[in-house]
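Visitor: Got chain P; can you put chains H and V with the ligands on it based on the hints?
Protein chains in written order, with the working numbering: chain P, 158 to 317; chain H, 12 to 92; chain V, 1010 to 1763.
Since the hints were derived computationally from the structure, they do not count as laboratory data.
Note that the structure is a prediction, hence the values are computed from the model and not measured.
Worth double-checking, as some hints may not be accurate.
[Claimed, not checked] Derived coverage of chain P by chain V (criterion: at least 3 residues anywhere in the stretch with Cβ under 8 Å from a Cβ of chain V; other residues may be distant):
hint, region
1, 200-214
2, 219-227
3, 232-240
4, 252-265
From the three backbone atoms N, C-alpha and C, an ideal C-beta is built for every residue, glycine too.
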Amino acid sequence: MTSIAVSTTINGDDVEFLCRADETLLDVLRNRLGLMGAKEGCGTGDCGACSTIMDGRVVCSCLVLGAETEGREIETIEGMANGSDLHPLQSKFIEHAALQCGVCTPGFLMAAKALLAAHPDPTEKEIRFWLAGNLCRCTGYDKIVRAVQDAAAEMRGEGT
Amino acid sequence: MVDVTLWAGLVPLADSQKHLSVQASTIRELLRKLQDRYPGLEGPFKNEVAVAVNGTIYRNDWSQEIPDGAEVFLMRRLAGG
Amino acid sequence: MSFDATYKEKKLKSVGTRPLRPDGVDKVTGRARYGADFNMPGQLVARVLRSPHAHARIMRIDVSRAVALKGVKAVITAADLPDLTNGNAALYAILDNCMARTKAFYDGHAVAAVAAIDAKVAREALKLIEVEYDVLPHVVDVDAAMAPDAPLLDENLFTQGIDPAPTTPSNVGNRSEFGHGDVESGFAKADVIVERSYKTEQTHQGYIEPHACVASCNVDGTAEMWVCTQGHFVYRQTCADLLGLEVSKLRVTSSEIGGGFGGKTHVWAEPLALALSRKAGRPVKLVMSREEVFRASGPTSQTSIDVKIGATKDGKITAALATLRYSSGPYADSWAETGAMTSFACYDLENVKTVGFEVIVNRPKVAAYRAPSAPMAAFAVESAIDELAHKIGMDSVELRIKNAASEGSRSSYGPIYGPIGIGPTLEAARTHPHMSAPLGKNQGRGMACGFWFNFGGQTCTDLNISADGTVTLAVGTVDVGGSRASLSLIAAEELGISYDDVKAVIADTSTLGYNDMTDGSRGTFSSSMATISAARNAIVTMRERAALMWDIPVEDVAWEEGHAKAVGASYDNRAPLSVKDIAAEAGNTGGPIAGHSELVADGAGVSFGTHICDVEVDPETGATRVIRYTVIQDAGKAVHPAYVEGQYQGGAAQGIGWALNEEYVYGADGRLQNPGFLDYRIPVCSDLPMIDTQILEIPNPNHPYGVRGVGETSIVPPLAAVANAVSDAVGVRMVHVPVSPPRILAALNAKAKG
Ligand code: FES
Ligand code: FES
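Chain P with its partners taken away, still in its complex shape (with noise of 0.2 Å):
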């Protein structure tokens, strides 16, 4: 089978790789991009432990083909901290022990960096919707929706 070439933007470079046709995204970030921070908990779209941000929407990567990256927008959470400054939500998240085996985290930062983007003060109820897609078995989600919470209050500049 041949590969395609497809150029697109990861984290504000660009890249450009060679995949086949059925390789899913999340395949080309983990196997050939070296990109390991984004996890296959299910393959199928339901655990959101691979979800990345194409042009500023949350998706499954599992369910995204390498070849439709073709021009867009990826950011990963390799690419959420700025230099060695963890963004907020990385901080609050190790602060409130919003992880516990951490395989979900990587996910659910990506998620929540989204829910923050098109809505900086969420109430709990639109936390816990947007994170719905986000599978966690470790925390009961108790401390990630107030991680998520503290989080957007020192972003909007209130502090804690």
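Guide: Just chains H and V with the ligands, lined up with the frame of chain P:
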């Protein structure tokens, strides 16, 4: 003397006895004496047994002392999650 | 030197605080490496062929076409895993479960595996393997499997624990019995008797990370494995036993683990990866798909339980009886026995009897799931207790307080209790504001208690003090939920240094002595004990070094608050030496300073919890929402309270899923109908409210800081707490979990029909 109660699975291997009295001051001595008396217990004693001494469960520490008159239960070692 | 683990009350500086976890940054930046995030040069990709039949004899397997496919480097069947188990039935069950030998026992049972240059070739190769099956009648339900005419899984299985021994085979592996007193005379004294049958469905641990490993066998007999596991030392032992490797030549490194909950205490595919690597002469990566995780890795038991409880009018229980049937997959284990032991453990009973039956069925081999076997037993017993309270007209908390076990009570599984926390958790529930908050229309409240044993076990740690006075702590219990932070706190506490000066890592099997796995809530309990012991050993050395530096007798050097102090009037002008001061001179005072500990952490304290749950049920659809939830549990001592709360909340959420939605659904053909997160629905963020927690601290007398395990008990009460709340809301007793919408609607319809 310590009074020992065996879990049901061990009873057939100990001549159908459920309660036994043994002179022993450590878990190791207790298990050795029981095994001398009932050789069939050797198998389960290898890695299937846990010992409750006055309510505290020991799974490995066979040098644990058994106070005189203590109540001892031999239980199956269980799996955890 | 023997280590004194006795609890001593003292003021703690580090323990009990909430610092940032050491692995936090790696985990929020995507750098933490889990099972599937590791690769080796020249690695092949493995895929496993699985039986589509629930029960079938394997007549013939022809792999020749797969072997011939370009890019395929190895194909294995059971023939490549000769039986080295030497009569060890438990090990044989693991071997047979990893790769079916003569029969496929469940939908998803592995029958062959391939290693190829990439996933695409591996998948094509699987299609070329021809398996001829003789399909046999199957049975998946625990009650059906006990029927006299049920299809037999094993013609040589005769129930153990029955006198006289049965002469005909059955699907019942063993019978076990616990209790004391005389239940018949107890029931005769009862004014009120409640008697009912309950059923719970099979659920999966549901860790988000599928099983994954990379295995590499070398021609010289050495091998390496990278794997997500709860116990790399145990995996090493099992794999070495199954493959005939020398234990010390197999080096196993545990990856970061994306959840386990008991499901990663057993090997599933790891021996296959090693066998493929051995055959192909190259490293092999094997990652299960989610569907494989559901079909072929450790679910919990399906159960059917009868409970009978009698009490006097004033609420004193006179007798309690339970018969428990637990499915264990195709190989008999001791799940029913554990259920029988735990069922009435919360109560002080004069007359109690529990009988367990271990039943084999055509479902995957059951694995431990967080306080294994206890939640189902607690569902049945706590539902019956709830009903009893209603029948007597007594508050259900009061009834439980009246019958709660306490220090000196004889447990229903035999031994007498030391200091325990069931009473205090109930007292806390009684006064908790949740208990008296008003309820709205279609809402109901339930509460329930739970018990788990907790384990200790073999444990080993190394504590190395670097030249700058910072400390590396190498532990051998896998960190499943923040234990590196807790253990760093413990080391800081003992040495009297700052938390930030300690870095904890999980050592691989070649760099540290043997450790039992992280199960039975033992991780922090056991490794903290070993860490305390290692730190105390290091302090002995540091006192010696300080004595050398000062040129005074070591007896004159005391250790206080992280410093060596010269004691005695003649030394009063000497400034105390810090860990940093002593470490800086180590090269000239005898070399590196370290503390080691190899011990058996025993005497783990039993643990109790009480949960309160409010639900709202939509009478039109039968859909249930949990609207408020409170967990009260004894931690002994909460080392890092944020992660203790996390354990409470996580266990409660899993229990809520079990109570409301989660279940394995089998078709008439014996195939699993819902092997994915879409149809096997675990709770999502929008399903749950905040989960309130209250940590009680009743010190465990057998740990220097009073620590008990905290990881498992929280999954025990929710099934009953939720079901009791639903029963309260709809006015019908719910006896079958999950109490999913169809079951609730059926109960409401039956009630409407009278
Ligand atoms: S791996 Fe993409 S949603 Fe689960
Ligand atoms: S922290 Fe483990 S799945 Fe979320």
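Visitor: Hint by hint, note whether the structure agrees.
Guide: Hints versus structure:
1. 200-214: Held - the region 200-214 of chain P has 5 residues with a Cβ nearer than 8 Å to chain V, which meets the minimum of three.
2. 219-227: It is violated: at least three residues are needed, and the region 219-227 of chain P offers just 0 whose Cβ sits closer than 8 Å to chain V.
3. 232-240: holds (count 5)
4. 252-265: holds (count 11)
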